[in-house]
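Undergrad: Listed here are the chains, written in short residue letters.
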Amino acid sequence: MGTQGLALSQPARHAAPVLRAVPAVTLALFLGPIAAGLGGTLAPAFGWLPAIGGEAITLAPWHALFSTPGFTATLRVTITTGFTATLLSLGIVVLFCASCHGTALFRRTQAMLAPMLATPHAALAIGFAFLAAPSGMVARLLSPWATGWMRPPDIGTVNDAAGFALIAGLMLKEVPYLLLVTFAALNQVKAAPLMRAARTLGYGPVTGWLKVVYPLVHPQIRLPVYAVLAFSLSVVDVAMILGPGNPPTLAVLVVRWFSDRDLAMWFPASAGALLLAAIVLGSILLWRLGEGAVARTLRPWLTGGARGGSGAALAGAMTGALSITLALSLAAVLVLALWSFAGPWRFPDALPRTFTLATWAGQVQELAHPARTTLMVGAAATVIALALALLCLEAEQRFGLAPGRTALWLLYLPLLLPQVAFLFGLQVLLVRAGIDGTHGAVIWAHLLFVLPYVFLTLADPWRAIDPRLARNAASLGAGPWRVFLAVKLPVMLRPILIAAGIGFAVSAGQYLPTLFAGAGRITTLTTEAVTLAGGSDRRIVGAYALVQALLPLAVYAAAIATPAIAWRNRRGLAVA
Amino acid sequence: MRGLSLRGAAVTLGERALVGPLDLTVAPGAVVTLMGPSGSGKSSLLAWICGTLDPAFRAEGQVTVNGADVTALPAHRRRIGILFQDDMLFPHLSVGGNLAFGLPPGLSRGERRARIAAALADAELAGFEGRDPATLSGGQRARIALMRTLLAGPQALLLDEPFGRLDVALRDRMRRFVFERTRQLSLPVLMVTHDPDDAAAASGPVLHLLAGGAVRREIPDEGVPDALPA
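Residue numbers (the numbering used here), protein chains in the order written: chain A, 829 to 1404; chain B, 11 to 240.
Keep in mind that the hints were calculated from the coordinates and are not lab data. Everything numeric in this text was worked out from a predicted model, so none of it was measured. Quick reminder that beta carbons are idealized off the backbone N, C-alpha and C, glycines included. Among these hints, one or two may not hold up.
[To be verified] A few chain B residues that face chain A, going by a derived Cβ cut-off under 10 Å, partial list only: (1) GLY61; (2) THR81; (3) ALA82; (4) LEU161.
Produce the complete structure using the sequences and hints provided.
TA: Structure, rendered in C-alpha cells:
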C-alpha cells in the first residue's frame, strides 16, 4: 500500500506546477495575439500609427471609409450574403435531419462529411467557379443544344453583384460543417428514445423531431452556428473568388486596402476592419435575439398537439437539396482535375479535345515549394495544437478543473471574430518584434484557428475515457505520467489522429493568416491558388487548387487509416 | 374483434429466432404478461407492435387493434401507446407541456388546460403544471409519463418493464395506479417483464418465452418448467 501511494503521489508533485500552468499558457498563447491584434487595429482606425506617419487621433479614417464610392452596396451585400448563407445552410441541415433521421442515407451521410470538410474553402470555391462561370462546365453541358450559345454568354453567374455565387460557395462548406456538429449533438441528446416516445404518442417523424429533438440540439449547436454566421460575414478568400467585384464585400474591400501600395490606405482599412468586427458581433447578438423571438412564437405550437404527417415530400426535397450540395462539391473537385489535364478546350465543348500532362510538367517545380511550406506549417501547427490540447485535458482531469461556458466561448473566439479585425494589428506587432514573414509567425497565426478545432475534437473522447483504466494502471504502480503516456494516449490514438487530420486541414485552408503573418513572403498552396484564381489560365489554377484540395484529404485519409492498421489485432479499439 | 391481437407474430435477428411465431389476443381491460429474461427479444416484440422496431431486426405477422390491421401503418398512426422503463419525459417542456404534448390537437385552450389539470389531479399531482420534470421524483415522473400516454387516446397500451426503475416500495403502488386506469379505460394491455411480481399484480394470463422463440402459457400453480430463466 505504502509503495503504491508513493508511486501515485510523487510524480504528480513534481509535474504538477508545469502541468498546472498549461491551460493558462495555452490561453495566453491563444488570446494574447487576438487581444493585441485588436488593439493594433484599433489605433490606426483612429489615425494612430506613427510608423507610417499617423501621429494624431482623428476620425478621418472613418470619414474616408464611409465616403468610399459604393460603400452602401458593400454593406448591403456583406450582410445579405452572410445571413442568407447561414440561414439556408442551417435550414437545410435542420430540415434534412428532421425528415431523414433513421434512414440509410442519413447514416451514410456521416461518412461522406469528412472528405468535404477536409477540402479547403478556396479549392471548392475555385472548382465551383469553374462549374458555374458563363464559360463553365454547366454552361458547356447545356450548350449549344439547350441554350444556343456558341460563345460564353455575357451574364454574371459568378462575382454577381447580389452575391448569389458567394452564398452558394459558402453553403458548400457550411452545410457539411453544420451537419457534422448536429450529428455530434444528436449523439449527446439520445435522440432515438425521445423520438420513439414522440412517435408512439402519435407524432409524425418530422413534426416529432422538430418538437422533441431539435429544442435539445439547438443549444448544443448554438456556438457553431454563430461561427458560421461570423465566417459568412467576414470571409475573404471565397469572397475574392466568387463574390461581387465592385463594390466587393467589406472584408474584401478592407484586405484590398491593406494590400494597397499607398500605406495611407491602412487607416480606412483599420476602420473598416473594426466596423466588420462590430457588424459580426451585432449580427450574432441579433441572431440570439431572433432565436428567442422564434422560440416564443413557436411555444404554443410545441404543445398544441398538432401531429404532422409522414413528411415524405419534405424528406424527398431535403434528400435532393443535400444530394445537390454533395454532388456540387464532388463536381467542383473533379472539374479542377479535368482542367489541370486539359489540352485545347473550346467553348462549348463538354470535354477537352485532348488530355495532356503539360500543365503538370510545367508546374511541378513551382508547386513543390508551396506544397512543402503547406505541409511544414500544417504539421507544426497541428503538433503544437495537439500537445497543448492534450496537456490541457490532462490538467483538467488531474486537477479536477471544470471548464465552464466561458472557456468554451474563449475557445470559439478566433472563430467568432473576423480574421481581418485582429490579423492586421497582429502583423503590425510582428513587424515591431521583427518576426513578421517568418515561418514561426505563420505557424502561430495558424495555431489560433487550428487549436479550437483540435481541442473540440479531442475533448469529448478524452472525457469519455473509462476512468477505471487509469485507476487500474495506477493500482499496478504506474505514475500519472506513465498512465498518460502508456494508457491514455494509446487508447486515444484514433481521436488524436482524427484531430490531427482536421487540424492539418484547417491549417492548409488558411488564407488570410498566411498572407498577413507571412507578410506576403511565405506562400502556401492556398495563397498561391487564391492569387492565381484571379488570373486567366484555368489549367494552372486547376492544378494548384487540386493539389490544395488533395493534400489535406491525403493527410486526413492517412490519419484515419493509421489506427485501423495499428490496432488491427485489438478488437476493443476497433472502429465501430 | 375488440382488443389487441397478434397473428403469426415472429421477430428474428439475423438467423436467430427471438420470439414467435405467436398468436395472442388481449381483450379490452385485460392485461397479458409476457415473461422472459433481458435480451430475449421481448422488447423487440413490443417495438414491432408499436412500429418502432430497429431495421436490424426482421419481423412478420399481423397486428390488429379493435379489428383494424395496423401492421402496415407507421408508428404515429397506430394509436398504440407504450411506456418504457425510462419515463422519457421531454426535458425542454414543463410537466404541463409534456401532458399537452400528449393531448390531441383541435381542443380549445380552456379545454386543454382543464384536461391537463384533471390528469394531474388524477395522478395526485394537482398544481404541478409549471414544474420542471427534472425536479420530480421517480414515482411522480412515472405517473406523468402514464398520463401523457393516456391523454394521447391510445387504443392499446404496451408496457416495457415499466416498473423496473422504481424503488421496490413504490413499485406496488405504481402497478395498482396503472392497472386501475387501464381497466377504467378498457384498454388492452400487453406487458413484458422479468419480474414475477409484475405478473402477479397484473392478475391476467402469463406467457413465458422459451428458448428458440416459442411461447408457452403458464398454468396457475404449476408454472412453466422449460421457460427461459428470468
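Undergrad: Which of the listed hints are broken here?
TA: Of the numbered hints given earlier, those the structure breaks are 2 and 3, listed in rising order.
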